[in-house]
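Student: If you read the protein sequences in the order shown, they are chains P and X. This note's numbering numbers the first residue of the first sequence as 1 and each following residue consecutively. This note's numbering numbers the first residue of the second sequence as 1 and each following residue consecutively.
Because the hints were derived from the structure by calculation, they are not lab data. These numbers were taken from a predicted model, which means no experiment stands behind them. All C-beta atoms in this analysis are idealised placements derived from N, C-alpha and C, irrespective of residue type, glycine included. One or more of the hints may lead you astray.
Pairwise CB distance ranges, derived in the manner of DEER restraints [what the hints assert, rightly or not]: (1) ARG129/X <-> ALA57/P: 43 to 49 Å; (2) ALA222/P <-> GLU68/X: 34 to 40 Å; (3) ARG3/X <-> LEU19/P: 32 to 38 Å; (4) GLU146/X <-> ILE225/P: 25 to 31 Å; (5) ALA181/P <-> ARG129/X: 42 to 48 Å; (6) GLN46/X <-> ILE225/P: 39 to 45 Å; (7) ALA24/X <-> PRO43/P: 15 to 21 Å; (8) SER45/P <-> VAL145/X: 18 to 24 Å; (9) SER64/X <-> PHE79/P: 33 to 39 Å; (10) PRO81/P <-> VAL145/X: 57 to 63 Å; (11) ILE126/X <-> VAL208/P: 17 to 23 Å.
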Amino acid sequence: MSTDRPIALFQRLALLWLLGFLLSALPSAERLWLSPVSPAWLPPSPLRHITHALSGAVPEPIIVVAFLVLGAMAVWQLFAPARWWAWALIWLLFLNLMNRAWLAGSGGQQLMANVLFWSIFLAMRPGRARFLGLWAIRLQLLLAYAATGLHKLTGTHWLDGTAMGIAATDEAFGPAWLASAPGLAAFITWCVLVLQLSLPIAMWFRGVRLPCMALGALFHLATAICMDIPEMGLAFVACYAIWLDDRLWERLRGIRSVRS
Amino acid sequence: MRRRNLILLLALHALLVAFYTLPASLIPERLRIIGQLYASPLFHQQWRLFAPDPPLCSCAVELSLGEEEWRPLTRQDDGYLDRRMAQSIARNVQRALASGAQGPDAPTAQAMRAMVRDIGREQGAIRFRLVEHCVTHPFRPSARVERITPLP
Chain P
1 MSTDRPIALF QRLALLWLLG FLLSALPSAE RLWLSPVSPA WLPPSPLRHI THALSGAVPE
61 PIIVVAFLVL GAMAVWQLFA PARWWAWALI WLLFLNLMNR AWLAGSGGQQ LMANVLFWSI
121 FLAMRPGRAR FLGLWAIRLQ LLLAYAATGL HKLTGTHWLD GTAMGIAATD EAFGPAWLAS
181 APGLAAFITW CVLVLQLSLP IAMWFRGVRL PCMALGALFH LATAICMDIP EMGLAFVACY
241 AIWLDDRLWE RLRGIRSVRS
Chain X
1 MRRRNLILLL ALHALLVAFY TLPASLIPER LRIIGQLYAS PLFHQQWRLF APDPPLCSCA
61 VELSLGEEEW RPLTRQDDGY LDRRMAQSIA RNVQRALASG AQGPDAPTAQ AMRAMVRDIG
121 REQGAIRFRL VEHCVTHPFR PSARVERITP LP
């Protein structure tokens, strides 16, 4: 089953996410990157010279150049044929800017950093490299759901149905009105748990993949709007494209043409 | 490289990252360390937002200049990433206080001051406090108790 068109769609969505993130971060650039609020932190690994090269005292012009090059490469790759070295540069610059502003980090940014790494292989010509990139990104997406679902199973409030009510009444998140409907809050809590635990299994079955993606997209858009984590929800939705193949692509086009 | 070898490589990668990200209670200590050595910092990720449980106490660091009223670290027109940084700082302060410390550790205190760098430059002395609203009963999450801790 060919995956060329879904891969191209995924690459475009990942770049659009990246450009959207950079634009949305621009008003906070001073606190994020220029005079960072996040304390300099280096992991105890020799790879820190690659992943945290922009952490600590780095002259402001270097940060500005890194930001501009990242944006320019993303715009170029949006329209030009994929080049592996361009994706390598995009990954490297995004990862380093993300690590410089780690206090503002999120699972969505981490997901994208991982996905951008494997996108380097997607942009390579040999079929084997593309195979590696494709499946690494697919597995990464499923792993994220499985990990968060299993973490929730080790707690108390996701199982007793009170988790969404508690999260929604936290001033940092919302929507607080959800607590006034405890039945609905409990229902949503269990739906989230079921979605996160079943999606890593259901995505392997082509017949239910599109409905799963639709439910997942609904969930992520709701968290993006209501819970002040917009880039996280949109990162997951962008990554769904990697689980399409040409047959599903045609089905999607069919649904669109019937609607229009 | 043969396709079979590629599949083995992918499986190994997924397994090692899983050792790093899955709950510690499910992964033997030795495998978790191996996962950590492999995945950090190149494939770092953590999936614990609201997990294993959402925090029972919301928290925010507030500041005051002299006798002025207390206000949040972020302004009304600040973006979601500014709010995220302020929230991360408040969580770090909350963790430090919960562990018995008198105040935030040095890097967090530095981050707290960096959030209000411009005000500090103009006004001099700034006071900080941590404001928490804690759930008393998980089935009535709206009824929260306020707890205020002045920060040194």
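Student: Does the structure break any of the earlier hints, and which numbers would those be?
Tutor: Failing hints, ascending: 1, 5, 6, 8, 9, 11.
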